[in-house]
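Given these sequences and hints, build the entire structure.
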Amino acid sequence: MTVTSLDTTFAALADPTRRAILAQLATGEATVGELAKPFAISQPAVSRHVRVLVDAGLVLQRVEGTKRPCRLAPAALTELDAYLDLLRRALETNYQRLDRLLADDDC
1 MTVTSLDTTF AALADPTRRA ILAQLATGEA TVGELAKPFA ISQPAVSRHV RVLVDAGLVL
61 QRVEGTKRPC RLAPAALTEL DAYLDLLRRA LETNYQRLDR LLADDDC
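Residue numbers (this note's numbering): 1 to 107.
Just so you know, the hints here were simulated from the structure itself, not pulled from any lab data.
Quick reminder that beta carbons are idealized off the backbone N, C-alpha and C, glycines included.
Mixed in with the good hints there might be a few duds.
Derived DEER-like restraints, expressed as beta-carbon distance ranges [what the hints assert, rightly or not]:
1) Ser5 <-> Asn94: 21 to 29 Å
2) Thr31 <-> Thr93: 27 to 35 Å
3) Thr8 <-> Arg62: 36 to 44 Å
4) Arg97 <-> Glu34: 44 to 52 Å
5) Ser42 <-> Ala11: 20 to 28 Å
6) Leu91 <-> Lys37: 37 to 45 Å
7) Lys67 <-> Arg88: 34 to 42 Å
8) Ala103 <-> Arg68: 22 to 30 Å
9) Glu29 <-> Leu86: 49 to 57 Å
10) Ala23 <-> Arg100: 36 to 44 Å
11) Thr27 <-> Ser47: 13 to 21 Å
12) Ser47 <-> Arg97: 45 to 53 Å
Structure (structure tokens):
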């Protein structure tokens, strides 16, 4: 797990438009034009958001003639999930310690 890649992932996920794009892609592959439809921003602006997601390793994009279909990158969130799992385990350990302390205090 590298801090730089986590920073890039968090930065990409910090924008609500990019999160919405990822949610759209969770339902299947889409072109930038299709991704742009629900937004009140230009297609070039959506393309810039997609580029950030591609650079963060969250989205894959290929060229098919004039179209550029996008899809979620397999295992894109693996590193983020590992980081969050580390935090979950630490919190669980703290809660267990607190439970033991409170149980000992009741005696």
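To see whether the hints hold, each was checked on the structure:
1. Between Ser5 and Asn94 the Cβ separation comes to about 27 Å, which falls inside the hinted range of 21 to 29 Å.
2. Taking the beta carbon of each, Thr31 and Thr93 are about 46 Å apart, not inside 27 to 35 Å as hinted.
3. Look at Thr8 against Arg62: about 21 Å separates their beta carbons, and that is not inside 36 to 44 Å.
4. In this structure, Arg97 and Glu34 meet the distance hint of 44 to 52 Å, their C-beta atoms being roughly 50 Å apart.
5. Range check, Ser42 to Ala11: Cβ separation about 22 Å, and the 20 to 28 Å hint holds.
6. For Leu91 and Lys37, the hinted distance range of 37 to 45 Å is satisfied, since their beta carbons lie about 40 Å from each other.
7. Look at Lys67 against Arg88: about 40 Å separates their beta carbons, and that is inside 34 to 42 Å.
8. Here the CB-CB span from Ala103 to Arg68 is close to 58 Å, at odds with the stated 22 to 30 Å.
9. Distance hint for Glu29 and Leu86: a CB-CB separation of about 32 Å, inconsistent with the stated range 49 to 57 Å.
10. The given range of 36 to 44 Å is respected by Ala23 and Arg100, whose C-beta atoms sit roughly 40 Å from each other.
11. The hint said 13 to 21 Å for the Cβ distance between Thr27 and Ser47, and at roughly 20 Å that hint holds.
12. For Ser47 paired with Arg97, a C-beta distance near 49 Å keeps the hint of 45 to 53 Å intact.
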